[in-house]
Amino acid sequence: MASPHVSGSRAGGSPVASSGANAGADRTTPGRIGLPIFVDGMAALIDRHPYDAFIVDLWGVIHDGEQPLPGVIEGLTMLRDAGKVVCLLSNAPRRAETVAARMREIGIDDGLYTHLLTSGEATHTALSDRPDAFHQSLGHRVLHIGPPRDVDTVSAPGLVPVERAADASFVLVTGIDDPDETVADYADVLADAAAHGLPMVCANPDLVVVAGGFRAICAGALATHYESLGGKVAYHGKPHAPVYDLCRSMITRTLAGRGVAAPRILGVGDAFRTDILGAHNAGLDSMLVTGHGIHTGDLGIDADGRPDPVKLEAAIEEFGLRPTLVMPGFRPA
1 MASPHVSGSR AGGSPVASSG ANAGADRTTP GRIGLPIFVD GMAALIDRHP YDAFIVDLWG
61 VIHDGEQPLP GVIEGLTMLR DAGKVVCLLS NAPRRAETVA ARMREIGIDD GLYTHLLTSG
121 EATHTALSDR PDAFHQSLGH RVLHIGPPRD VDTVSAPGLV PVERAADASF VLVTGIDDPD
181 ETVADYADVL ADAAAHGLPM VCANPDLVVV AGGFRAICAG ALATHYESLG GKVAYHGKPH
241 APVYDLCRSM ITRTLAGRGV AAPRILGVGD AFRTDILGAH NAGLDSMLVT GHGIHTGDLG
301 IDADGRPDPV KLEAAIEEFG LRPTLVMPGF RPA
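For the sequence shown, this note's numbering begins at 1 and goes up steadily by one.
Everything labelled a hint here was simulated from the structure, so no lab data went into it. Some hints could be false.
Claimed, not checked - Label pairs and their calculated CB-CB ranges:
(1) D180 / K311: 24 to 32 Å
(2) A101 / P131: 25 to 33 Å
(3) A44 / P131: 37 to 45 Å
For glycine and all other residues, C-beta sits at the position ideal for the given N, C-alpha and C.
Taking the hints into account, I'd like the entire structure generated from these sequences.
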């Protein structure tokens with residue numbers, strides 16, 4: 001298994017980086033940066049952009065935590081029927097089967113996608129297999145910061161949960177207990193862990209999530225604060241390249257059986273900081289989905305999910321990242 005990213009880089013800055021193989025392609029350019037190619041829906045994506053496989057975010061693209069987003073079931077069905085491989089990649093700090101079970105509950109069946117990987121699954125595997133020097137050095141006494149629902153990630157063989165930093169050999173952060181909480185609510189426990197020199201494993205690099213229209217902080221916000229205290233953090237999940245390597249391996253194995261030796265892969269998501277940066281780090285083309293999710297309040301989204309071109313260009317400038325494509329929603333058209 002690939003090693004995690006330890007105390008990693010952040011999105012942002014200049015010059016603007018374009019994703020993947022199409023990075024040098026001509027674009028419509030209302031300003032000096034230029035905008036990505038706009039795609040109305042899945043039909044146009046399949047017809048005009050010959051990708052073999054898709055690495056697709058969940059929250060803000062496939063569902064909102066409570067139900068599938070409009071058109072998603074039909075869009076996934078179109079990709080499946082066109083013979084495309086879909087690998088769902090989520091920064092959910094829970095194991096893949098737990099996430100798959102929740103998707104089945106809200107109407108997203110297993111047959112609509114090919115593979116599923118979560119940052120929680122990658123974390124659990126790393127804490128079980130100890131694939132590198134960092135994980136081998138962690139010990140087994142874990143101070144877990146996160147809700148009880150993340151217990152499957154904490155249940156790696158040999159881990160001994162403890163209640164105090166003084167008794168721990170490392171910290172595992174998976175999230176917050178209550179959606180109203182802020183980083184300030186965890187300041188004391190994080191300061192105590194940093195004072196004891198504990199390394200941290202972050203099972204969800206996201207800073208925030210939008211669930212049912214409500215915005216809440218994620219484990220990544222706590223990990224970022226911990227780094228500011230001088231703590232060392234290993235991240236499992238987007239935007240760090242190792243999870244994309246795992247997805248690419250699954251996709252390659254599937255398509256090798258169909259005679260596709262070098263699959264063309266598109267990374268899809270709603271967030272510049274994780275999905276678009278992650279695709280860029282992995283050398284993949286990327287597609288920003290704008291109709292729902294993290295940037296809807298910033299991009300001047302119209303009733304059809306299309307972003308305001310000026311605001312989109314400003315976001316590209318802010319994050320220093322230009323997606324290859326933009327689509328209003330993961331929908332048929």
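Taking the hints in turn, this is what the structure says about them:
With their beta carbons about 29 Å apart, D180 and K311 fall inside the hinted range of 24 to 32 Å. Evaluation of the 25 to 33 Å hint for A101 and P131 yields a pass: the beta carbon distance comes to about 27 Å. A hinted range of 37 to 45 Å for the beta carbons of A44 and P131 is consistent with their spacing of about 41 Å.
The earlier numbered hints are all upheld by this structure, with none contradicted.
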